[in-house]
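There are 2 protein chains.
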Amino acid sequence: MSIIVVGSTAFDDIETPKGKRDRIIGGSCIYFSLAACFRSNPRIVSVVGKDFSKNFFKELNKKGIDTSGLLVKDGKTFSWGGKYKSISEDPETKFTNLNVFENFLPIIPTSYKLKNKIVFLANIDPDLQNKVLDSLDSKKFIGMDTMNFWINSKRKSLDRAFERINLLTINELELGLITKKKSLEKSLEYIFNRYPIKFLVVKKGSSGSLLATRNSLNWIPCYPFAKMIDPTGAGDSFAGGLFSFLNNVNSFDKKNILLGMIYGSAIASFTIESFGTNKIFNLSKKEIDNRYKLLKKIAKII
Amino acid sequence: MSIIVVGSTAFDDIETPKGKRDRIIGGSCIYFSLAACFRSNPRIVSVVGKDFSKNFFKELNKKGIDTSGLLVKDGKTFSWGGKYKSISEDPETKFTNLNVFENFLPIIPTSYKLKNKIVFLANIDPDLQNKVLDSLDSKKFIGMDTMNFWINSKRKSLDRAFERINLLTINELELGLITKKKSLEKSLEYIFNRYPIKFLVVKKGSSGSLLATRNSLNWIPCYPFAKMIDPTGAGDSFAGGLFSFLNNVNSFDKKNILLGMIYGSAIASFTIESFGTNKIFNLSKKEIDNRYKLLKKIAKII
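Note that the protein sequences, when read in sequence, are chains A and B. Following our numbering, the numbering of the first sequence begins with 31 at its first residue and continues without gaps. Following our numbering, the numbering of the second sequence begins with 31 at its first residue and continues without gaps.
Some hints could be false.
To be verified - Example chain A residues on the side facing chain B (calculated, C-beta under 10 Å, incomplete):
#1 E215
#2 V232
#3 L288
Hints listed in this document are in silico derivations from the structure and should not be mistaken for laboratory results. Cβ coordinates follow ideal geometry from the N, Cα and C atoms, glycine included.
One chain only, chain A, in its complex shape (with noise of 0.2 Å):
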């Protein structure tokens, strides 16, 4: 089985207190597919410029990554550039250039359409993830993130698009963004008043995550030895691992969420071991599975 993920490609310029990279490769749905190939075939939909290697799409088919949804426009390739201040902070943006992005249309080839029951609709405008949205049928089970400048600038959109997903992503700050309100308690009675999902994956950074659901809460830890060096991409590899995972289970239930959750804490915690997708690129399917094994460990406690 398959999931298809709707999210972007793009050209970063980093910058932690750890070093400085330029014109890496990056996107969420990179990220996402990179760290959901262990465990499904991850469907891409998204768009890059002439400006991008054709090579790596190769890479990312030997990896059992479906690209054909994978637009290659006239133009340049979708860019970013941010600085982590501290390695545990937010990072300030220093440029976002949409170039091919600011005409995407997001349109889910039908060989996609086969073999799948998980949609992800990584961090983009949220007028395209209802695009995505009103293409879908129902049955799917359909996991979406966000960010500030979404929230700040199409809360409407974003609010159409919450009303028809399973399981939102979201970090703790973006969360309070959303619902205005200064405790967590508040934050998510307002979530579960307002929107049917049914799922709320809170990240938390090196605190880990936490699962909300209408009447549960649990709080999965993250793997506490990662050495540090580039947080970019954590939240997408982390639901890469998550909705791969659950590629695998029967139902999505909260038990399996939360296993899933460990395996995408174990994946993440990989990717922030390197600039971009350095790491997360070359691991193995063996080192993954002894984190996730050693994770569930520090996370089973009674």
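Here the structure of chain A is known, so what remains is to put chain B in place on it, guided by the hints.
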């Protein structure tokens, strides 16, 4: 059964992003015993000056806290001033006036020597911690805390104490100072190779806490809904909760220590919700038990 706690009693000047308080009662053994009094009769070994209110002694006694070892000496009470720039960071010390603490010799009253199996050496000069250790029989379960000041200035004395304790509570930054290792993995290796400490509790602030033993690692979440006002005393309250929990179990094994850490985490989540001891002073057993139960649910994922 009761617990002996050796530590400081203080007047604190505290500034956090949420406000400022001058000359409020604090000190490690005060926070510890206020947290521990719900499940034990804490016995304080400490010292104050003539400027300290006798009424406060009576308030402690009403809560089942024994103050026979809380000496009143000529002079002023130990005082400390600290400023938290952000609520998740360690405070900047504005001043430390040792006052009567300068010539303090901790002596455990004969009346304390009966019916106790647990001793906690809160953060004070390791020379004093060693003096207490010299006077104890080997059957006690001994916990200990320390801080960067002593790690940098009295390392040899600290090493001598580490040789003789069962459980060390320490924050992540202090652990790095002791081991001079950058990674948690190497730090744990260092501690367990060098000292006979059986249980190492690494406090990670709002990220929860870790319990490390020679061959295991577990992560305890912190209460995610706490409204942070002033972090002062969180670590000592956490320890008070943990050790008072242990006071009521038959064996000091990993499982009980993990449950005790959850209990300690529940109490510490109240401590940080007011300046000084305000909240913890007026707490009910039921409030604590509710958060303890909720935290157990949050922590139980598999």
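These are the hints, each one checked on the structure:
1. E215: Holds. Min distance 4 Å.
2. V232: 9 Å, holds
3. L288: Hint holds; A:L288 Cβ to chain B Cβ min 5 Å, cut 10 Å.
The structure agrees with every numbered hint stated previously.
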